[in-house]
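Enquirer: The primary structure of each chain is shown beneath.
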Amino acid sequence: MKKIFLSVVGFSLLCRLNTYSQIKPDSTVNKPALGLSAPADRHDSSAYNPRRLRIDEIDFVSSYYGQTGDHSTVTGDNPNFLGNGVFTNSVKVTDISNGLDLKLVWLNKALNKNTLSAGLGFDYHTAASQAYVSATGASKTTGTRIYPSLDWTAENAKNGSTFGIGTYYSGEYNYKSLGADAHFSVKTDNKMGEFSAKLQGYFDHVTLIYPSEFIPNTTTTTTGTTTVVTTASGSTISTSADGETIHHHANIPSSPRNTYSASFSYSQIINSRLQIMFLGDVVTQNGYLGLPFHRVFFSNGKDTIEKLPSSRFKLPVGFRANYFLGDNIILRAYYRYYADDWGIRSNTIGLEVPYKITPFFSISPFYRFYSQSASTYFAPFEAHSPTDEYYTSNYEYAKFDSQFFGIGFRVAPPNGVFGWQGLHEMEIRYGHYTQTTDLVSDVVSISLGFK
Amino acid sequence: MINRFIMALACLMLIIAASSCVHLKEYQKSRINDSEMALSNRKVEKNELNFESYREAASGANAGKTGGGCGCN
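Protein chains in written order, with the numbering used here: chain D, 1 to 451; chain W, 1001 to 1073.
Simulated from the structure, these hints should not be mistaken for lab results. The structure displayed is predicted, hence computed values, not measured ones. Please note that the accuracy of each hint is not assured.
What the hints assert, rightly or not - For lysine-lysine, the following DSS-like pairs were computed, each having C-alpha atoms within a straight-line distance of at most 25 Å:
(1) Lys198/D - Lys113/D
(2) Lys191/D - Lys1046/W
(3) Lys1046/W - Lys198/D
(4) Lys1043/W - Lys187/D
(5) Lys451/D - Lys1029/W
(6) Lys187/D - Lys1025/W
(7) Lys451/D - Lys1046/W
(8) Lys302/D - Lys1029/W
Unchecked claim - Over the 10 Å line for every Cβ pair with chain W, so calculated as not near, a few chain D residues:
(9) Asp59
(10) Lys113
(11) Ile246
As the list claims (entries may be wrong) - Here chain D is said to cover these stretches of chain W; the calculated rule only asks that three of the stretch's residues, wherever they fall, bring their Cβ under 8 Å from a Cβ of chain D:
(12) 1022-1029
(13) 1038-1048
(14) 1052-1062
From the three backbone atoms N, C-alpha and C, an ideal C-beta is built for every residue, glycine too.
With the hints as extra help, turn the sequences into a complete structure.
Expert: Pasting the structure below:
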């Protein structure tokens, strides 16, 4: 009897709440936080148009990266490159990266969700080793990079499949890159699994900036009454007998590098606490795959610039598993095996353990271990034979292990970070990275998400 | 030897995972849909993935760079 009474009271309360919700003025549906157009009259719900273009999210990511080490590729790993006892092998680098991503969404006539993402990134770096592109150590050690991107994705409202295309550009003083991709994903019938594929192509150009000692000296020729001076970069200065001077600037030539990749992934929800993902890429590169200012010293003491094959095939496969342990702890595990036809094999293992202090604040310590074998084409300073077909002293291709650990913080309160409704999420992360090649670096990043 | 062990472990996990899939209703996905459970990379990790691909020979299979786009890899 008591149960029946309580049930009737509960049902009555629910009905009354519903009744109130219907007569209460609508104050939320016409409130786009960051709409492109002015919001409609908030009391006129008939004016609400869900298909209208609106800003869904704005993300800002900024990072500071600092590095030290003592195996410079520019000097060919020669610590006494100048020959006067001054240490020249520092690979001290600082890099400040800033990226902004803007996501616009709208619904088309079939009520399919369309997303347009526009990104813009800007980096500023200093690199001590860059100084020795010039044999005297006088080259500029700073540089910038700018990289805009654009991506459009359409999601089928009926089956949850998506299709999209994107384009990408990156420009820095000695390297230009233009990329394009097409991506596709489809969910399984029970929505518990999802398959994704992405085809990418990068069409890059490496500016052929050689070390100064490998550039022909300035030449002067005289034809009749005109004197022509040709500089190392190929520019000419013509001076006639009457003193008239004509400058002709030649562009530094570049060499192409193309990268084509097919990326596949399959994710599966195993149960209410566990989901996994398999990832795999097939990557092929061709063109000029070295850099023209990387020196190599042979065992006979003579130096040249690195020479690497004009093609490379990479095959990385990975696995992720995320497990919700108890009510507050999440385990995020990652493993990758990598192989390429330059003789490199590597294993990567990562574990991150977010701990939710509250539903809106979490702390995430993380650890990553990486190990790789050396490339067939790598040897350190004065270890290459002059008869080698390919050679490099770039320690990126050496045998080494690395460890990366640190901690991240994530805040996403329902009323906004610092009480600001527009800022819905903030992440701060610090990591310390060490290689067995003595390279050490630190990176600190902040991410802000606006809605 | 280590590689074989890791491959065997991965196969074992795959078999266990594939044989234990259940169908969840939407209201049972509260933990799966938690933002910390996302299988994608964190936005704040973007530049970490970049520097790793510059300093190490391996790249890819992490929804990050696979090569191209800069002069470092």
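Enquirer: Each hint should be assessed against the structure and marked as holding or not.
Expert: Here's how the hints hold up against the structure:
{"no.": "1", "hint": "Lys198/D - Lys113/D", "in the structure": "holds (19 Å)"}
{"no.": "2", "hint": "Lys191/D - Lys1046/W", "in the structure": "violated (28 Å)"}
{"no.": "3", "hint": "Lys1046/W - Lys198/D", "in the structure": "holds (18 Å)"}
{"no.": "4", "hint": "Lys1043/W - Lys187/D", "in the structure": "holds (23 Å)"}
{"no.": "5", "hint": "Lys451/D - Lys1029/W", "in the structure": "holds (24 Å)"}
{"no.": "6", "hint": "Lys187/D - Lys1025/W", "in the structure": "holds (15 Å)"}
{"no.": "7", "hint": "Lys451/D - Lys1046/W", "in the structure": "holds (20 Å)"}
{"no.": "8", "hint": "Lys302/D - Lys1029/W", "in the structure": "violated (64 Å)"}
{"no.": "9", "hint": "Asp59", "in the structure": "violated (6 Å)"}
{"no.": "10", "hint": "Lys113", "in the structure": "holds (18 Å)"}
{"no.": "11", "hint": "Ile246", "in the structure": "holds (34 Å)"}
{"no.": "12", "hint": "1022-1029", "in the structure": "holds (count 5)"}
{"no.": "13", "hint": "1038-1048", "in the structure": "holds (count 9)"}
{"no.": "14", "hint": "1052-1062", "in the structure": "holds (count 10)"}
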